[in-house]
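Undergrad: Here is what each chain is made of, one letter per residue.
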Amino acid sequence: MKALLLIAIPFAGAALAALWRGDRTRPWLMPVVGLVHTVLTFWMLFDPPAVAPGAWLAFDPLARAVLPAVSLLFLACAAYGVSYLRVRGERPNRVFVALLLALLGLLSAGHQARHLGLLWIATEALTLAAVPLLHFNGTARAFEATWKYLLVGGTGIALSLLGSFCLGYASLHGGGGGDLTFAALTAQGAGLSRPWVLIAWVLLLAGYGTKMGLAPMHTWKPDTYGEAPGIVSAMLAGGVTTVAFTAILRVRAVVAAAGDGAIADHTLVAIGLFSMIVAALFLLGTRDFKRMLAYSSVEHMGVLALGAALGRAGVWAALFHVWGNSLAKGALFLSAGNIRRAAGGRTLDEVRGMATLTPRSAALFVTGMFVVTACPPFGPFFSELRIVRAAFETHHGAAGAVFLGCLLFAFFGLTRVVFAIVDGRPRPGLHATARRYPETLGVILPPLALLAAVLGIGLALPEVLREAWTAAVAQLYPGP
Amino acid sequence: MSSNVNFLIGVAMGLNLLALGSSRLPSVIRAVAVQGMVLGLMPLLMEESFHWMVAFVAVVTMAMKGYFIPHLLSRAMRSANIDREVEPFIGFVPSLLLGAAGTIAAVAGARALPLLPEHAGTLLVPGALASVLTGFVLLIGRAKAISQVCGYLILENGIYLFGLLLIRSTPLLVESGILLDLTVGIFVIGIIVDRIQRAFDSLDTRKLTVLRE
Amino acid sequence: MIAVVDTLLRLTVWLLLAPLLPGIINKVKAWVAGRRGPPVLQLYYDLARLWQKSVVMSTLASPGFIAGPAVAWVAITGAALLLPLGPGGSALGFRGDVLLLVYLLAVARFAIAWAALETGSAFEGMGAAREVSFAVLSEVSLITAILALSVQTGSVTLATMLAPAAGTGAILLAAGLFAVLLAENCRVPFDDPNTHLELTMIHEVMVLDHSGPPLAVILHGAAMKLMLFSALLTQAVLPLGRLSPFAATGALAAGVLAVTVGVGIVESFLARIAFRRVPLLLTTAFLLCLFALLLAWKGGAA
Numbered sequence: 000m001k002a003l004l005l006i007a008i009p010f011a012g013a014a015l016a017a018l019w020r021g022d023r024t025r026p027w028l029m030p031v032v033g034l035v036h037t038v039l040t041f042w043m044l045f046d047p048p049a050v051a052p053g054a055w056l057a058f059d060p061l062a063r064a065v066l067p068a069v070s071l072l073f074l075a076c077a078a079y080g081v082s083y084l085r086v087r088g089e090r091p092n093r094v095f096v097a098l099l100l101a102l103l104g105l106l107s108a109g110h111q112a113r114h115l116g117l118l119w120i121a122t123e124a125l126t127l128a129a130v131p132l133l134h135f136n137g138t139a140r141a142f143e144a145t146w147k148y149l150l151v152g153g154t155g156i157a158l159s160l161l162g163s164f165c166l167g168y169a170s171l172h173g174g175g176g177g178d179l180t181f182a183a184l185t186a187q188g189a190g191l192s193r194p195w196v197l198i199a200w201v202l203l204l205a206g207y208g209t210k211m212g213l214a215p216m217h218t219w220k221p222d223t224y225g226e227a228p229g230i231v232s233a234m235l236a237g238g239v240t241t242v243a244f245t246a247i248l249r250v251r252a253v254v255a256a257a258g259d260g261a262i263a264d265h266t267l268v269a270i271g272l273f274s275m276i277v278a279a280l281f282l283l284g285t286r287d288f289k290r291m292l293a294y295s296s297v298e299h300m301g302v303l304a305l306g307a308a309l310g311r312a313g314v315w316a317a318l319f320h321v322w323g324n325s326l327a328k329g330a331l332f333l334s335a336g337n338i339r340r341a342a343g344g345r346t347l348d349e350v351r352g353m354a355t356l357t358p359r360s361a362a363l364f365v366t367g368m369f370v371v372t373a374c375p376p377f378g379p380f381f382s383e384l385r386i387v388r389a390a391f392e393t394h395h396g397a398a399g400a401v402f403l404g405c406l407l408f409a410f411f412g413l414t415r416v417v418f419a420i421v422d423g424r425p426r427p428g429l430h431a432t433a434r435r436y437p438e439t440l441g442v443i444l445p446p447l448a449l450l451a452a453v454l455g456i457g458l459a460l461p462e463v464l465r466e467a468w469t470a471a472v473a474q475l476y477p478g479p
Numbered sequence: 000m001s002s003n004v005n006f007l008i009g010v011a012m013g014l015n016l017l018a019l020g021s022s023r024l025p026s027v028i029r030a031v032a033v034q035g036m037v038l039g040l041m042p043l044l045m046e047e048s049f050h051w052m053v054a055f056v057a058v059v060t061m062a063m064k065g066y067f068i069p070h071l072l073s074r075a076m077r078s079a080n081i082d083r084e085v086e087p088f089i090g091f092v093p094s095l096l097l098g099a100a101g102t103i104a105a106v107a108g109a110r111a112l113p114l115l116p117e118h119a120g121t122l123l124v125p126g127a128l129a130s131v132l133t134g135f136v137l138l139i140g141r142a143k144a145i146s147q148v149c150g151y152l153i154l155e156n157g158i159y160l161f162g163l164l165l166i167r168s169t170p171l172l173v174e175s176g177i178l179l180d181l182t183v184g185i186f187v188i189g190i191i192v193d194r195i196q197r198a199f200d201s202l203d204t205r206k207l208t209v210l211r212e
Numbered sequence: 000m001i002a003v004v005d006t007l008l009r010l011t012v013w014l015l016l017a018p019l020l021p022g023i024i025n026k027v028k029a030w031v032a033g034r035r036g037p038p039v040l041q042l043y044y045d046l047a048r049l050w051q052k053s054v055v056m057s058t059l060a061s062p063g064f065i066a067g068p069a070v071a072w073v074a075i076t077g078a079a080l081l082l083p084l085g086p087g088g089s090a091l092g093f094r095g096d097v098l099l100l101v102y103l104l105a106v107a108r109f110a111i112a113w114a115a116l117e118t119g120s121a122f123e124g125m126g127a128a129r130e131v132s133f134a135v136l137s138e139v140s141l142i143t144a145i146l147a148l149s150v151q152t153g154s155v156t157l158a159t160m161l162a163p164a165a166g167t168g169a170i171l172l173a174a175g176l177f178a179v180l181l182a183e184n185c186r187v188p189f190d191d192p193n194t195h196l197e198l199t200m201i202h203e204v205m206v207l208d209h210s211g212p213p214l215a216v217i218l219h220g221a222a223m224k225l226m227l228f229s230a231l232l233t234q235a236v237l238p239l240g241r242l243s244p245f246a247a248t249g250a251l252a253a254g255v256l257a258v259t260v261g262v263g264i265v266e267s268f269l270a271r272i273a274f275r276r277v278p279l280l281l282t283t284a285f286l287l288c289l290f291a292l293l294l295a296w297k298g299g300a301a
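Residue numbers (numbering that gives the first Met the number 0), protein chains in the order written: chain A, 0 to 479; chain B, 0 to 212; chain C, 0 to 301.
The shape of chain A in the complex, shown without the other chains (with noise of 0.2 Å):
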């Protein structure tokens, strides 16, 4: 009933959004139901409702481990939300706000949904909703992004329905009643006809990763996130990365039932690896600092991926990087966003000593650059330090070190964008575009809180959440 609730209250506000008439006072529908959404999520962390068998959504452990966190970070866009819709008066913000309403919706169904189907339903409405989110900026560029993203995208969502269909054969051929629920695949486990499982395999990984990021599907990211506004690629980077990152992750349990558990992992350490090469390489050459977000967002759904691939210590490093990674991309995102629009500019060509001109802004992204980074003692440097430490523990000693090198390469790329940007003199024209964008609350409190939060998560980590965490873990490893 209450995982129905998450869903249900967001399409609410969706739907009124789109029928309220004040153009003004209708942003502040999504703080108020983010924050309803915030909170019925953390106390269901806090006391999990039962999971039905074979129930098609439900707050399942899964779920319970990462959803609050999108909530958190929706909670914070909406609050930026406001004062951004404010400053971009001059456009129309229904379809944005209905929209971005509509998203945290299907955000919540699809991270509850323990159905194959359901699953691809949720996600596909994902991919289709944030469509007009990503042009609301309307210049050509956004066309262009909108564009590759569709065209990429959709066709990440077709090869993940047909590896859905693949793996709905597999059960039906292994004798299998036609019930598509995880924990009905799971049980059939070997029964599963393993071609199909494997077919399955590939096309939900090469489907689900389009919607990561993974390399190389990514190559609608940098595009995508750069023509953008901060709170969609917020919500994108931190939202529907996750959904996917958990689809893939209930997918391989069922791979890993089926008896192909040790090919998933293969894949997963390959792809998860060339990622972190990938984005690394990009970001050492990189001259936008929006599309450097997007290459550092590669590299994290890159961590994820290794993470999984490596048991259940792997799994619950991942699981605590999910957090880790959303709450920062988050800040980061809306950070720039300040950055861009009193630059007038996104490369370093164009925009130096913003240090000078948002000083706040400016602290707020080189901190979030240094939280994504891995520095102590924020979240992801606890969160890769086990990925690393479980690495060497799984004898997977040299993955351990290339993602260490990837990291290295990766800090020089980030450090490189960011203090360009943010140290030296600003150009003279900037300061009039500055003063026209204020560093108000409403856009410097957000991105504050989130880093609070990880920093929160890195300090003292609630133990709620550790048991959170191993509950998820042990739904996906069943067994001893």
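Please keep in mind that the hints were generated in silico from the structure rather than gathered at the bench. All C-beta atoms in this analysis are idealised placements derived from N, C-alpha and C, irrespective of residue type, glycine included. Some clues are possibly wrong.
[What the hints assert, rightly or not] Now the stretches of chain A that chain B is said to cover, found in silico as 3 or more residues with beta-carbon under 8 Å:
#1 143 to 157
#2 167 to 173
#3 183 to 197
Following the hints, put chains B and C in place on chain A, whose structure we already have.
TA: Chains B and C only, in chain A's frame:
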């Protein structure tokens, strides 16, 4: 019944090759439309008894795939004043040969896969794989946005064909999933193609080169 | 003795009936266009007229200029004698005679191209180059179609090979062979037999400089080639073996007539396609024959 199904799938595979070899956009759009209608007919042929729900979904699918989506594409084509694909990335003869090779490989490969006895004699799996491959060749090899959308539609047709394997066990989910996909897809395609045409005045995706490193 | 009479009878049928086909095609085109058109026997009159004229020969050309059409005609007649005429069989049949048929057709094409090059003119050379380069693709299609037939029936003798498959295979083969027929006989959409514009001719330009009896021989040879392909197509598609001899002969004649009318209709409704698109169309014909081959192969294995 199985021979009817096979005949229809054979027609669909032939339409794949027609779409690959044709340089005129109206032909490609028409091929996709006919393929959509042919495939929309399939659930009716595969069910032994007549269910209202299946019939309703089949009719709606045929209407969407056979009329509304091609209509949107034709309108975009006419307003952009283009009607042929001039210099694709993968030439017409190579794409035709690729499609044919893919069809042959799909037929050969499908024999190696374990199939339930009721599906073993049908062309469902080869047809699905061949259409998926054709869709990819069109998506990657063509420069005009409309051709890419047609490629995507053929890809979806292939996946739909594959989904028909599961129609006995999970009929409603497959059908409704595809319907949702189509409905929302139409709106998105319609809006985006229209916007792209207005923004770029040509629908040639080679002009989408502003965003780069 | 009987064999000699038989062969003579056969020759008569081929030689006398062949010029009827281009006449039928032109009549069909005229009717579709709303005209009355030339008489069906027009080609006979043309041949008679040309036979009485003298030859205009370039001083640069060698005897190969006259030998070319003659060699071509003899080759085509030989191929015609090899092709079985329904229940009547062929004048000569042995294992592998289908290969001889293909090669005789190739020899005919080669001879005409040689004669074209003999004139030393740029026109004919261009035409010969075009004809030969398109022949590469059309011969591949023809050979694939023949392979399909032989895989289906398990033999390489024309007499037993020409038994059609069931259903889809026959349709694909018919479509492929029809396209090959159009290509080999220089019909629209590959080549327009009525055009004489430099940029648009393929076959016509090769025979541009011939006159008198050699030209008559070339025209007659082309008519026989058309009849050969029509007969081949009809027998590959219609199950003549199951009918009584009388009915089979009637069916064969009807089939050839139908193919000819079909060519006329296609010529009326299609335009000649641009040269750079011809490979695409020929590749399509090749793929149709290839799929017929695969169906024959897989059908036999399954």
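Undergrad: Against each hint, give a clear statement of whether it holds in the structure.
TA: Each hint tested on the structure:
Only when three residues or more bring their CB closer than 8 Å to a CB of chain B does the claim for the region 143 to 157 of chain A stand; here the count is 10, and the claim holds. Check result for the region 167 to 173 of chain A against chain B: holds, 4 residues qualifying (beta carbon to beta carbon below 8 Å, three or more required). Evaluation of the coverage hint for the region 183 to 197 of chain A: fulfilled, as 3 residues show C-beta separations to chain B shorter than 8 Å, against a requirement of three.
Checked against the numbered hints given earlier, this structure breaks none of them.
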